[in-house]
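Student: These protein sequence lines are chains V, L and Y, in that order. Each residue of the first sequence is one higher than the one before, counting from 42 in the numbering used here. Each residue of the second sequence is one higher than the one before, counting from 96 in the numbering used here. Each residue of the third sequence is one higher than the one before, counting from 88 in the numbering used here.
These aren't lab readings, by the way, just hints derived from the structure by calculation. Each residue gets a CB set at the ideal place from its N, CA and C atoms; glycine is no exception. Any given hint could be a false lead.
Claimed, not checked - Okay, the calculated beta carbon distance ranges per label pair:
1) 252(L) with 128(V): 58 to 64 Å
2) 300(Y) with 134(V): 36 to 42 Å
3) 507(L) with 267(Y): 48 to 54 Å
4) 291(V) with 472(L): 50 to 56 Å
5) 472(L) with 181(V): 20 to 26 Å
6) 395(L) with 262(Y): 35 to 41 Å
7) 267(Y) with 369(L): 45 to 51 Å
Claimed, not checked - In silico negatives: residues of chain V with every beta carbon more than 12 Å from chain Y:
8) 81
9) 229
10) 334
11) 352
12) 357
13) 537
14) 560
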Amino acid sequence: MANVNEGGTAADMVTCTIDGVEVSVPKGTRIIEAAEGIGLGIAHYCYHPALSAPAMCRMCLVEVEGAPKLAPACVTTVGDGQVINTESERALKAREGTLEFYLFNHPLDCPICDKSGECKLQDYVHSEGRAHGRSLEAKRVLGQDDFGGDILYDGDRCIMCTRCVRFMREIGGEDALCVVQRGHRSVIDTFYDEGVGENLWAGNIVDICPVGALLSKDFLHKARVWDLDRTPSVCASCSQGCNIYLDGRDNAVDRLRPRQNTEVNSYWMCDYGRYNYEWLNRQPRLESPLVGGTESAWQAAVISLVERLKALPSGTRVRVVGSAVLGNEDNGLLARLAEVVGDGETVFRSARAADEEPCPGFPVLRRRRELAANVEGLKLMGFSRVGDDEGRGGLEASSGDVVIVLGDDLADLPEDFGRGAELFVHLATHASAAAAGADYVLPVTLYAEQEGTFTNADGRVQRFWPGLQPPAMARPAWQVLGVLLAGLGDGAAPADAANAFLRVAQIHDAFAGLSYENIGARGALVNELVRLGAGAGEEG
Amino acid sequence: MAYPYRHEQETVVLTRGFGDPRTRTLEGWRALGGYNALAKVLEMAPNDVIEVVKASGLRGRGGAGFPTGVKWSFMPKDDSKQPHYLLINADESEPGAFKDRELLRWTPHQVIEGALIGAHAIRARHVYIYMRGEFFEPAQIMARAIEEIYQANLAGRDILGSGVDIDVTLHLGAGAYICGEETALMNSLEGRRGQPRIKPPFPAVMGAFGKPTTINNVETVAAVPHIIVNGADWYRSFGTDKSPGTKLFNVSGHVVRRGNYELPLGFPMKEFLYDVCGGIRDGRQLKAVIPGGSSVPILTAAECEELALDYESVAAAGSMLGTASVIVMDDRTNIVKQVRRMVEFYAHESCGQCTPCREGTEWLAKILRRIEAGQGTEEDLDTLLDLGANMTGTTICVLSDSAAAPVASSIEKFRDDYLALLGRAPEAPALAAAH
Amino acid sequence: MSSRADAPERTPLQGGNEGWAGERGEFESLSESDVRGSGYVGKRPPEGGAAGAACSYPFQVAERDPDAPLFEGPYRERLEKILSRYPETRGALLPVLSLAQEIRGHVSPATMDEVARVLKLEPATVRGVATFYTMYNKRPVGSYLVQVCTNVACNLCGADDVMEAFLAAVDGAAGDTSADGNFTVIEAECLGACGFPTAVQVNERYFENVRPEDVPAIIERLRAERAANGKEG
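Bound-form chain V, shown alone (with noise of 0.2 Å):
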């Protein structure tokens, strides 16, 4: 017997019967969610775990034994000792009978719509639906339209399930659709001209929508879905920390889409986030180590800056600038080649906005004040903000005898910068005009092509995948920068990005006790005592 969820009493829990197997559940529990829990996914389109439920789409019908009618399964709560069939004769008639209503005006737009691959109606059809339709009548034609912002509609697409009309008034805090008219001639509108573009969360409803009846805009007509790679990872806009997806072809992104995270960012993401994805695809790339500015293998790069690095006098001043769009990983051990190398400070220079814009639905979720990912990894690493809120400044010329630069890339700075320094290194993705005099520039990757972790403004760590090939020479900087740190007698260069992150761990008392393992896929808070002992946290 399956026991669905974990506690409450035995005075608390209902036992049901679904297709044979018997499942004990809270009481109050819905039948969908009784199903969902044994593995069992009940076919629906109103329905949304994190939306109210209307009950109105009629697909999730349910067979309870004794009871005249068929059963909403998302509505009805599990009654004890209830038998539930979801495949009997009359679940199945009613569910093809449904579809067939669904498909009466449907318009076959599969071939030219961005749905098709992750259409609902495409799924639910094709496993339960009728073979042929039946109608002989011309199809209603209510029209497109745009909504404003980066959502187009398409009415005869659309199956009125009132998801995005629920989610702008239950998640996103206005009423901003409606439905208009009623019966067979209802669409979903806007007030007229107003659109949801000034809208924060609209961005989600496209996810929502079980068809293509709302599209993006930026989206459109770009890739077949089918074609798309899908890796899991965070999104690096904000220190929110939203789980995320990387969707893309050809080794570029398409599209970022929500990853669920209950305790992060629910279903959801903001549109900032949403939309800025495009600096990933960036070109052109650093393609090779350039040693005083000629390219040079790795290895000779390598071993040409170790020697430099161990020349150096003791006393020497590092200034080391950390990136808030790189892993901890990364940051981590860029903070101690600074120690190992000479003392100084670490900085890091980050956009800020004047608020936060939290998710009226889900507040837990908030657009952050700090527009980049892991400002508070940084934080608790040591790294101190210089700058201002957009970035900038902050760095004076030649102000320490080393400089090492991961990642930031100088935009604001002069060609001359860093020319006074005993030694500028530059570990970056792009090409800088104010790197033209770098000692040192080395290519390494995206986070999003690497493995690594973020910590979001909540102190929690999470792990992100590689979505994205890199460049053939860059490598990550974790890696780069263990080796230099090897190549110092600072222990054994990780050969992992799990390893860089225990190596890391093992120095910052934040992450003690942390790992990859234990992180998992949905992330692990670092030790709040040292969290709030750092200062890390305050909103800055």
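Model the placement of chains L and Y on the given structure of chain V, informed by the hints.
Tutor: Just chains L and Y now, with coordinates in the frame of chain V:
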């Protein structure tokens, strides 16, 4: 009575005063004994009022026929924590039904008195009369009546010095048949789209504005003052054991005398049509009868021969008494045309929430239009039946079932009418001349 | 009252059916005012009268001004009375939309927006509600909105012919407003007067027992009322 005259077979209870303009005034209603029942009820405990109505066997007259006293007993017995509401369903929009309009425009105080009694019984301090928007004239009459009762301390604070407070508000709809469905009515009262709600929760638990609510039809509450004054046994002396009391039978279509007739339940259909209503017009023959408004299955003339007009008997005959809105069709009637028109009505009125109804009603209508135009096939008949089956029992409310009922019953019983139209481009001459 | 077991076919009254009663039979004494109840009702005060009756004024009237301000003067008082009858502001939405149409003749986007602001609702919410209900005109209609019931009970008794007669009398297509701005003729669903076919609603009045031959007289009557500045009978 086929207003303004009355048949000798009628049992005049609710229709007393119909056709007399004085009846609608407070003074006129009082002259007929009005508001004695209210005065009596205000001295009774609410539970006792419920018991009297339960004992009378009064059944809801809005179509469902649910025992009214039982419905009232579902309400919480204590209104100290949250207000209760009584809603009077005056949204009469069922094709064929025109009884409530007569009650509202001739005897508004009868309805108000019954509502006030009901409110006291269910411990409600506010009665909303939800009247369909098209009933502007009955609404003005009702509005005047409401002015009168407030002036006479029959509503508002401390009614007749009893310590009971009950407010009455007349709320107009704006054109939506579906708002006659009790949960859609509540949504409409709350200023929302008139879409039915899923049950549970039931109105008596969570209804209008989230509070315990009872919804009663106009004709139902109109009977209540008479039950209070004359007693439950008196009410049971009319009608049958399972369907006691009198009913307004509203008859339309091809009879000589259309109109409202108040008769005891259980009255024989044949006598009703041929005696009370004067028989079929123009000397024609009876072809079909819809006994309870367009939502119920059609009956053939033969099925009416031995039929009694009460809830049980009509159900046993395969249809429903519903609102007792009897629509009579003679032998010139083009059944397909009338069914098409009814289905178009449902397609127009569907709220659009549930897919089988939203898409199905329009699909049925399109097929029927095609058949009527001579472009149908016999396969279309099978499709109509199967679509209708998929529209029955699968939706939040029964509008969908109501659209399917005339289609299924007419194909079953008047298949020849359909067959005559198949594959013929112009309409058959004999049917073209009929209505 | 005697029974009428063998009632003769109804004979037309002089001038044709007056359109407001059933078979007149013995009730010769009934006047139009008796049946319509207009004498009993009298003239309703624009500020609403008893608060419980404030939410029930006719909102399809011949006199209207699309540019009139919405809730000023007596209408402001009526608005307050309406609001006082509902535990939640939103409950007043239908009566307030109705009042807006009573004043302006139809519910435009600007009107929806204004109503939304007054009730502190979002405009899209108001749009969703206003467009659900048939009686809220989304665009202006003629001074008289003539709605002919063609549903089954009236259909059995010739409603289609009555509809044709009205369209011919105003010389227009269904849904269009006549050139002189007086009439818009549309089909309606069941008006709840099935015993008196064909039932026709003209603004706030029902005309019953209408036959095609009665239509010209009804149109003439309405024209005359309009000419006399919309004074209703």
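Student: Could you run down the list of hints and mark each one as holding or not?
Tutor: Hints, verified against the model:
Distance hint check for residue 252(L) and residue 128(V): the Cβ-Cβ separation is about 60 Å, which falls inside the suggested range of 58 to 64 Å. Evaluation of the 36 to 42 Å hint for residue 300(Y) and residue 134(V) yields a failure: the beta carbon distance comes to about 52 Å. Remark: the range hint 48 to 54 Å for residue 507(L) to residue 267(Y) is upheld by a beta-carbon distance near 50 Å. Range check, residue 291(V) to residue 472(L): about 52 Å between beta-carbon atoms, so the 50 to 56 Å window is met.
Judged by the Cβ atoms, the range 20 to 26 Å given for residue 472(L) and residue 181(V) holds: they are separated by roughly 22 Å. Range check, residue 395(L) to residue 262(Y): Cβ separation about 38 Å, and the 35 to 41 Å hint holds. For the pair residue 267(Y) and residue 369(L), the supplied restraint of 45 to 51 Å holds, since their beta-carbon distance comes to about 49 Å. Look at residue 81(V): its CB is around 35 Å from the nearest CB on chain Y, clear of 12 Å, so calling it non-interface holds up.
Against chain Y, the non-interface label of residue 229(V) is violated: not every CB pair exceeds 12 Å, the least being about 10 Å. The Cβ of residue 334(V) lies farther than 12 Å from every Cβ of chain Y, with a closest approach of about 60 Å, so its non-interface assignment holds. Listed as a non-interface residue, residue 352(V) keeps its Cβ farther than 12 Å from every Cβ of chain Y; the least gap is roughly 69 Å. The claim that residue 357(V) lies off the interface holds: its Cβ sits roughly 63 Å from the closest Cβ of chain Y, which is beyond the 12 Å cut-off.
Against the 12 Å criterion, residue 537(V) stays outside the reach of chain Y, whose nearest CB is about 52 Å from its own CB. The Cβ of residue 560(V) lies farther than 12 Å from every Cβ of chain Y, with a closest approach of about 42 Å, so its non-interface assignment holds.
In this structure, the earlier hints numbered 2 and 9 are contradicted, and the remaining ones agree with it.
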